[in-house]
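Add chains B, C, D, E and F to chain A, keeping to what the hints say.
Chains as they are written, first to last, in our numbering: chain A, 1 to 135; chain B, 1 to 135; chain C, 1 to 135; chain D, 1 to 135; chain E, 1 to 135; chain F, 1 to 135.
By construction, these hints were calculated from the structure, which means they are not laboratory data. It is possible that some hints are incorrect.
Which copy is meant is left open, so a pair is good if it fits within one copy or across any two.
[Claimed, not checked] With a straight-line Cα cutoff of 20 Å, these simulated SDA-like cross-link-like pairs (lysine to any residue) come out:
{"id": "1", "residue 1": "Lys-56", "residue 2": "Glu-102"}
{"id": "2", "residue 1": "Lys-68", "residue 2": "Glu-103"}
{"id": "3", "residue 1": "Lys-95", "residue 2": "His-5"}
{"id": "4", "residue 1": "Lys-95", "residue 2": "Gly-47"}
{"id": "5", "residue 1": "Lys-95", "residue 2": "Glu-131"}
6 protein chains.
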Amino acid sequence: MATTHIFTDEEVNANPEVKAVFDDIRATRGTDFVNNIWRALAADPPGLKRTWENVKSLMASEGAIDPKTREMIYIAVSIANSCSYCVHSHTAAAKARGMSDEEHGELMQIVALAASTNHLVTALQVPVDPEFQVM
Amino acid sequence: MATTHIFTDEEVNANPEVKAVFDDIRATRGTDFVNNIWRALAADPPGLKRTWENVKSLMASEGAIDPKTREMIYIAVSIANSCSYCVHSHTAAAKARGMSDEEHGELMQIVALAASTNHLVTALQVPVDPEFQVM
Amino acid sequence: MATTHIFTDEEVNANPEVKAVFDDIRATRGTDFVNNIWRALAADPPGLKRTWENVKSLMASEGAIDPKTREMIYIAVSIANSCSYCVHSHTAAAKARGMSDEEHGELMQIVALAASTNHLVTALQVPVDPEFQVM
Amino acid sequence: MATTHIFTDEEVNANPEVKAVFDDIRATRGTDFVNNIWRALAADPPGLKRTWENVKSLMASEGAIDPKTREMIYIAVSIANSCSYCVHSHTAAAKARGMSDEEHGELMQIVALAASTNHLVTALQVPVDPEFQVM
Amino acid sequence: MATTHIFTDEEVNANPEVKAVFDDIRATRGTDFVNNIWRALAADPPGLKRTWENVKSLMASEGAIDPKTREMIYIAVSIANSCSYCVHSHTAAAKARGMSDEEHGELMQIVALAASTNHLVTALQVPVDPEFQVM
Amino acid sequence: MATTHIFTDEEVNANPEVKAVFDDIRATRGTDFVNNIWRALAADPPGLKRTWENVKSLMASEGAIDPKTREMIYIAVSIANSCSYCVHSHTAAAKARGMSDEEHGELMQIVALAASTNHLVTALQVPVDPEFQVM
Numbered sequence: 001m002a003t004t005h006i007f008t009d010e011e012v013n014a015n016p017e018v019k020a021v022f023d024d025i026r027a028t029r030g031t032d033f034v035n036n037i038w039r040a041l042a043a044d045p046p047g048l049k050r051t052w053e054n055v056k057s058l059m060a061s062e063g064a065i066d067p068k069t070r071e072m073i074y075i076a077v078s079i080a081n082s083c084s085y086c087v088h089s090h091t092a093a094a095k096a097r098g099m100s101d102e103e104h105g106e107l108m109q110i111v112a113l114a115a116s117t118n119h120l121v122t123a124l125q126v127p128v129d130p131e132f133q134v135m
Numbered sequence: 001m002a003t004t005h006i007f008t009d010e011e012v013n014a015n016p017e018v019k020a021v022f023d024d025i026r027a028t029r030g031t032d033f034v035n036n037i038w039r040a041l042a043a044d045p046p047g048l049k050r051t052w053e054n055v056k057s058l059m060a061s062e063g064a065i066d067p068k069t070r071e072m073i074y075i076a077v078s079i080a081n082s083c084s085y086c087v088h089s090h091t092a093a094a095k096a097r098g099m100s101d102e103e104h105g106e107l108m109q110i111v112a113l114a115a116s117t118n119h120l121v122t123a124l125q126v127p128v129d130p131e132f133q134v135m
Numbered sequence: 001m002a003t004t005h006i007f008t009d010e011e012v013n014a015n016p017e018v019k020a021v022f023d024d025i026r027a028t029r030g031t032d033f034v035n036n037i038w039r040a041l042a043a044d045p046p047g048l049k050r051t052w053e054n055v056k057s058l059m060a061s062e063g064a065i066d067p068k069t070r071e072m073i074y075i076a077v078s079i080a081n082s083c084s085y086c087v088h089s090h091t092a093a094a095k096a097r098g099m100s101d102e103e104h105g106e107l108m109q110i111v112a113l114a115a116s117t118n119h120l121v122t123a124l125q126v127p128v129d130p131e132f133q134v135m
Numbered sequence: 001m002a003t004t005h006i007f008t009d010e011e012v013n014a015n016p017e018v019k020a021v022f023d024d025i026r027a028t029r030g031t032d033f034v035n036n037i038w039r040a041l042a043a044d045p046p047g048l049k050r051t052w053e054n055v056k057s058l059m060a061s062e063g064a065i066d067p068k069t070r071e072m073i074y075i076a077v078s079i080a081n082s083c084s085y086c087v088h089s090h091t092a093a094a095k096a097r098g099m100s101d102e103e104h105g106e107l108m109q110i111v112a113l114a115a116s117t118n119h120l121v122t123a124l125q126v127p128v129d130p131e132f133q134v135m
Numbered sequence: 001m002a003t004t005h006i007f008t009d010e011e012v013n014a015n016p017e018v019k020a021v022f023d024d025i026r027a028t029r030g031t032d033f034v035n036n037i038w039r040a041l042a043a044d045p046p047g048l049k050r051t052w053e054n055v056k057s058l059m060a061s062e063g064a065i066d067p068k069t070r071e072m073i074y075i076a077v078s079i080a081n082s083c084s085y086c087v088h089s090h091t092a093a094a095k096a097r098g099m100s101d102e103e104h105g106e107l108m109q110i111v112a113l114a115a116s117t118n119h120l121v122t123a124l125q126v127p128v129d130p131e132f133q134v135m
Numbered sequence: 001m002a003t004t005h006i007f008t009d010e011e012v013n014a015n016p017e018v019k020a021v022f023d024d025i026r027a028t029r030g031t032d033f034v035n036n037i038w039r040a041l042a043a044d045p046p047g048l049k050r051t052w053e054n055v056k057s058l059m060a061s062e063g064a065i066d067p068k069t070r071e072m073i074y075i076a077v078s079i080a081n082s083c084s085y086c087v088h089s090h091t092a093a094a095k096a097r098g099m100s101d102e103e104h105g106e107l108m109q110i111v112a113l114a115a116s117t118n119h120l121v122t123a124l125q126v127p128v129d130p131e132f133q134v135m
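So here's chain A without its partners, still in its complex pose (with noise of 0.2 Å):
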């Protein structure tokens, strides 16, 4: 399933705007498996480069969050949208960067956790104490 084309690797190098990015990938990451997300994005190059770019710029640069914790926000942010390509994805890419087993599990808790006190509070519709307040 797929409301646009996947592009294999000979179409990605037929598109030099394409294959540029998808170098960059391959050079960044420093592997030849480029995934779906970027094949289905090949559709539009403009899309392709700037999706790209902000996903290098955060995700694959020296930052105040290590880049184990930046996947595993990045997880849970998939799980509270419902996204299932995501989730699939990023849990490769944490393990790879290595949260362990223990960290697996205690992710999903805390973050069944938020998502049953986010509608506790919903439903309370609790007003914020002002101790929380920044202004």
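Just chains B, C, D, E and F, lined up with the frame of chain A:
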């Protein structure tokens, strides 16, 4: 605004079942301040007890993920579930556990990036790569 | 706050198409009070009429599910969709149809539990058991 | 997979109430093809009729917004609500009404951008500027 | 598809902590069939235990809301949270507890109606009527 | 309410990196008014810059979709993601780009209809028709 009554300390103390939970919240957290979600849940003592026990066992115990990171994951889920109160309370909790301004900024950018690719993938209905599957 | 004007009774009465819907709301519900969603929809008379007819045909008619339970289902969906106004209005409606404090507490705990297992299942990407499939 | 039976044409024709709706779908759309949502709804004839009448009155009538744009808005909502079937069916419908590949690519980028700023704003809990308020 | 291993009965029996939970699931439900969510959670024994205890205490106990209605509320939340597995499993559970086809049809129409007015209210940013507020 | 400080013009002007983005926002939009999301993002200059560049490249450039329609799509996503601030700001932006009251009413009805069928389809777990698949 609220769909239930927000219990004052006087009302809390009048119900031994509720008071026991509040005493444990105060002892566990080492502070007298008890925020509004617990005061709203107080109208349903078994629900209050179950919720607190779940929160305590995951957020106030030893585990594989450090306390600051747990709160950052909680924030990520609360954002994706659009829970204003939860974003406020867990941002305050994460800061209290050492989240720096730089980490907060990066967290929000990762959440926003994840949301954008979650939506892109759902738009494209990208099939899961066999490489990402455990089964 | 609002992105459209909230119609007063005077403004409602000045538009026969809008007035006819408001008359029907008042007659069907047996009260003069008309809440803000209808006053906000009044700027779009065909939308007002379509929305009211859908609500009336499902929520104010005989059917297989009793009126109190219908409102409790409505609350559950409104919580999951993070609609503050809807949680307020349907909690009031459920109480008016006999929802007890105990039922309200239990409803919120079930919603919170469902949210937590919804997120867990999405995290785990659990395959559907053949036993659950109709086709 | 499905939680209800998907009606075949033979089963549709056996129920006059269901057949009447299917005849109207075919006449309105000018095609014999009736997609699975209607075949799944056929188990509940009043629900089938209500849903079709709502869809027909908004999507197959004259109005202020052109048919292609309506379908593009439908896709945007279906993405944000994580409805795989709906993304597939309305992407096909939008293409049938003239959505170009360039428009499709741009639509997906706008949806992704909106999702990212939606999450950022919720993270930041930005107060609404007085300039944006109608009331 | 799955992001974790789905435990077979043999693997379950090899871990006493996991086996104890499975024994309790079987005894509580009065059936040997244990569905996939528990087999996926088995990789994280404390998470498995916590999740089952929460489900058992709310869904398999006496309370103010009858078992069939609880499952219908669970379905409503699972739909709004886009959890395919959960919709399948709780639709099966509700049918096992007596939900009729008519009730199922009506439930789906109420959920769909609630979703439509949830979105309308969010679009209109309707202010909460003072009549609906508890505080 | 806010989880970060909302920068005043004086504070913006004190940071050259932030000031440069604000200058570009003002020049691009042709107005001195800069709304609160940018003032909240100012605490994280790289995040502010990345967000503005994404918004500018998609919403303030030539493209296949006209500016008014882009804003209407943005509203649709913001409604489905329950972002109150975003609904306010993009409704104002769409009106400024020529959205009529009739178009606004129709947009909201389409969003509400899409939400209702999104939920119906998820409830029914309708299989995707082969006719809708690209692959």
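Evaluated hints:
1. Lys-56 <-> Glu-102: Answer is between: at 18 Å across copies they meet the 20 Å cutoff, but 28 Å inside does not.
2. Lys-68 <-> Glu-103: Answer is both; intra-copy 11 Å and inter-copy 14 Å each pass.
3. Lys-95 <-> His-5: So Lys-95 and His-5 pass the 20 Å test across copies only (14 Å; inside, 29 Å).
4. Lys-95 <-> Gly-47: between (28 Å within a copy, 19 Å between copies)
5. Lys-95 <-> Glu-131: between (38 Å within a copy, 13 Å between copies)
When the structure is compared with the earlier hints, no violation turns up for any of them.
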